[in-house]
Amino acid sequence: MRKPWHLAAVAVLCFFLLSPADAAEKVYINGIDANFPPFAYVDKKGVPDGFDIKALDWIAKDQGFKVKHQPQDWDSIVPSLLARKIDIVASGMSITDARKKQVNFSTPYWKIKQVLVAKKDARLTVEQALAAGNRIGVQRGTTEAKWIDENLIRKKGLKFQLVQYDSAPMAIEDVLNGRIAAAAMDDAPAMDAVSKKKAVKILGTFGMPDELFGYAVRKEDTAFLNRINAGLTKLMKTPYWKELVKTYINKK
Amino acid sequence: MPESLLAVLDALPYLLEGSFITLVVVLGAMGFGFCLAVPLAVAQVYGPRWLRPLVALYVWFFRGIPLLVFLFLFYFGLCTALDINLSAFTVAVVVLGLISAAYQSQIFRGAIMSLPEGQLKAARALGMSDAKAILFIILPQALRLSIPGWSNEYSIILKDSAVTYALGVAEIMARTHFVATRTYQHMPLYAAAGAIFLVLTWLGIRGLRYLEEKVRIPGYSHHEF
Amino acid sequence: MEEPILKVEGIKKRYGKKEILRGTSLSIRRGELKILIGPSGAGKSTLLQCINFLVRPDAGRVWLEGKEIHHAQGRELHHYRQQVGMIFQDFNLFDHLTALRNVEIALVKVRRMSRNEAHDRAMAELERVGLGDHVQKYPAQLSGGQKQRVSIARALAMDPKVMLLDEPTSALDPELIGEVLAVIRDLGELGMTMLMATHQIAFAQALANEIVFMEDGLIVEAGPPEKIFGCAENERTREFCSKVMELYTDNR
Chain V
0 MRKPWHLAAV AVLCFFLLSP ADAAEKVYIN GIDANFPPFA YVDKKGVPDG FDIKALDWIA
60 KDQGFKVKHQ PQDWDSIVPS LLARKIDIVA SGMSITDARK KQVNFSTPYW KIKQVLVAKK
120 DARLTVEQAL AAGNRIGVQR GTTEAKWIDE NLIRKKGLKF QLVQYDSAPM AIEDVLNGRI
180 AAAAMDDAPA MDAVSKKKAV KILGTFGMPD ELFGYAVRKE DTAFLNRINA GLTKLMKTPY
240 WKELVKTYIN KK
Chain F
0 MPESLLAVLD ALPYLLEGSF ITLVVVLGAM GFGFCLAVPL AVAQVYGPRW LRPLVALYVW
60 FFRGIPLLVF LFLFYFGLCT ALDINLSAFT VAVVVLGLIS AAYQSQIFRG AIMSLPEGQL
120 KAARALGMSD AKAILFIILP QALRLSIPGW SNEYSIILKD SAVTYALGVA EIMARTHFVA
180 TRTYQHMPLY AAAGAIFLVL TWLGIRGLRY LEEKVRIPGY SHHEF
Chain E
0 MEEPILKVEG IKKRYGKKEI LRGTSLSIRR GELKILIGPS GAGKSTLLQC INFLVRPDAG
60 RVWLEGKEIH HAQGRELHHY RQQVGMIFQD FNLFDHLTAL RNVEIALVKV RRMSRNEAHD
120 RAMAELERVG LGDHVQKYPA QLSGGQKQRV SIARALAMDP KVMLLDEPTS ALDPELIGEV
180 LAVIRDLGEL GMTMLMATHQ IAFAQALANE IVFMEDGLIV EAGPPEKIFG CAENERTREF
240 CSKVMELYTD NR
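Chains as they are written, first to last, in numbering that gives the first Met the number 0: chain V, 0 to 251; chain F, 0 to 224; chain E, 0 to 251.
Simulated from the structure, these hints should not be mistaken for laboratory data. Possibly wrong hints are sitting among the right ones.
As the list claims (entries may be wrong) - 35 angstroms max Cα-Cα, derived DSBU-like pairs, lysine-lysine: (1) V/Lys200 to V/Lys119; (2) E/Lys136 to F/Lys120; (3) E/Lys6 to F/Lys131; (4) V/Lys196 to V/Lys145; (5) E/Lys136 to F/Lys131; (6) E/Lys108 to F/Lys131; (7) E/Lys6 to F/Lys158; (8) E/Lys66 to F/Lys131; (9) E/Lys16 to F/Lys131; (10) F/Lys158 to V/Lys145; (11) E/Lys6 to F/Lys213; (12) E/Lys6 to F/Lys120; (13) E/Lys160 to F/Lys131; (14) F/Lys131 to E/Lys11.
Just chain V, with the same shape it has in the complex:
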């Protein structure tokens, strides 16, 4: 009859053996939103992949540090960074003043437009999509979620309803289901969706200023930020950078 408790003990043991990170060499953890193709996602084998992943891998090799990409919930990615659960966010993060108060950003590496995505056969303009009574999807915790709420809804007084999703692809799923008229997101993932799903199209921009992507690190990690910047500047001058852009973002 003793067996079950032995089993439990083994389970507990497993968990203590598996959990502690090897402290021998510092491995920098890159917290990614694995639901943000093409910048960050996991490939068929479950290995993190994407534009930002490949770029950071190159930088790490160049600057001589080790990096591990760890999927995180986007909602809590900044708290995770501050709580030292992760050391860097290279996952399509927009540089904003609000975020700058909490973290430091690398030099910008990508300019991004915010667009609306709707069903392919929908006869909609951006204005019509944002009409009163419509529902517009957006990913929770993103700059576009914040900007739309502050500018279009509060300032301009538009009467559409904002629906928050876990990820941009989930918002697209609901565009296809017809639950929402359109979804707002960065242009790169929008193009990614269009390339994978034939049934959606990009309606166009909706007035949100362009944004810049940068890698976020903790404010106190200045030496690390310098290495990142040095590597990034170098990378952006190489042909590999153009190749990355071609492979991941501008696929056509």
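Given the structure of chain V, go ahead and fit chains F and E onto it with the hints provided.
This is chains F and E only, laid out in the frame that chain V set:
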């Protein structure tokens, strides 16, 4: 073959790896919860008068707050405040374990109280201390009676464990989500995840039923429980 | 006169408003079989359980072999209880253990015998009560009479100086009473000191050294069987005895 089926087949090894992580989280949490729940239950039934309300408080606290709130409080709040850097995996096991301890302690408490009073009396009459009586006489019987409740608890924790994906634990749910956002095959993938959970539930319940049969006391009827 | 092996004095116990024992005193000498009789609710069972502190008396003192027992102290109490065997009305065998393990467990866990030693001793006791062929059975597989005999073996294995028997045959079907009484009779013949509450008048008449009649938490009268059953001084004793004689003589 339709694209949806291909996506599921492609993702299957990755999802099955996730179910291993799910299982380790669940078994770890149940084991950790068990280690806490037994002393809690014993304290609530036999403990000194001042200790009993404290156990009740623990149970009330951990049953009353949603799992996600605890996960965030623990992962971001407590770990930072105490300056300990626990992995999402560890936090998932500890938090699920703490909550499970509250539920398991009530399963054990019910089982202990369902035993005839004479069992403890007979043990005492033989000169056993209360500690020995509880360890050798009460618990072996109470734990047997707890197995059906345990299998219930297993299926609850199994499903609860899906919530830990919010911390980035790479269990079934998180992995399904990742694959779905890459391939845009939400429906078939979540259906596959659901099927994996069903299989895990079935396996666990079968396992516990086997255990129950294995430790059943010959001639002793369990029908009243 | 020989020093009594067990002596209790002024035992009081109340549950709420109900006074169960109102200052009961008695003593028993080595090798004596003393039988408690009285209507149900007289306090016989409570008295027996107060003697080994399974029920905490509100007042009163207990001596074993002239040494007073201070029941508040754990270790002394456990040691005392080992020397005072207890047989319950409803057996209270440990349901999860075989007959053999029921007898062994206290030998191993309390008296710290080795498993082999405990096994041999337990086998000997079970054979003595005629259950050598049933040692591997669980309580639920035994008849009531067999269960009670296991419980006697379990108590005997501890080498008690006194045995307290709380209506050992009351829960048994009539045809099983005889086998248990036979075991108790054998014990008496071997010189075991016993204090037994029972309604088995014929058994008491034949074997008891002294009969103690209890009513309402008090000892009304005590004396040899021929006196109590023949010419008791107290009218209540006579009334009770004549009633039980009628009741029990034919369905022995």
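Hint-by-hint comparison with the structure:
1. V/Lys200 to V/Lys119: 5 angstroms, holds
2. E/Lys136 to F/Lys120: With Cα atoms ~22 angstroms apart, E/Lys136 and F/Lys120 stay inside 35 angstroms; holds.
3. E/Lys6 to F/Lys131: 28 angstroms, holds
4. V/Lys196 to V/Lys145: Given that 35 angstroms is the threshold and the Cα spacing comes to 27 angstroms, the pair holds.
5. E/Lys136 to F/Lys131: Roughly 23 angstroms between the alpha carbons, so the hint for E/Lys136 and F/Lys131 holds.
6. E/Lys108 to F/Lys131: 8 angstroms, holds
7. E/Lys6 to F/Lys158: The hint is violated at about 62 angstroms.
8. E/Lys66 to F/Lys131: 26 angstroms, holds
9. E/Lys16 to F/Lys131: 34 angstroms, holds
10. F/Lys158 to V/Lys145: The given pair, whose Cα atoms are some 32 angstroms apart, holds under the 35 angstroms limit.
11. E/Lys6 to F/Lys213: Roughly 48 angstroms separates the two Cα atoms, so the pair is violated.
12. E/Lys6 to F/Lys120: Answer holds: E/Lys6 to F/Lys120 is near 22 angstroms, not above 35 angstroms.
13. E/Lys160 to F/Lys131: 23 angstroms, holds
14. F/Lys131 to E/Lys11: 29 angstroms, holds
Checked against the numbered hints given earlier, the structure breaks hints 7 and 11 and satisfies all the rest.
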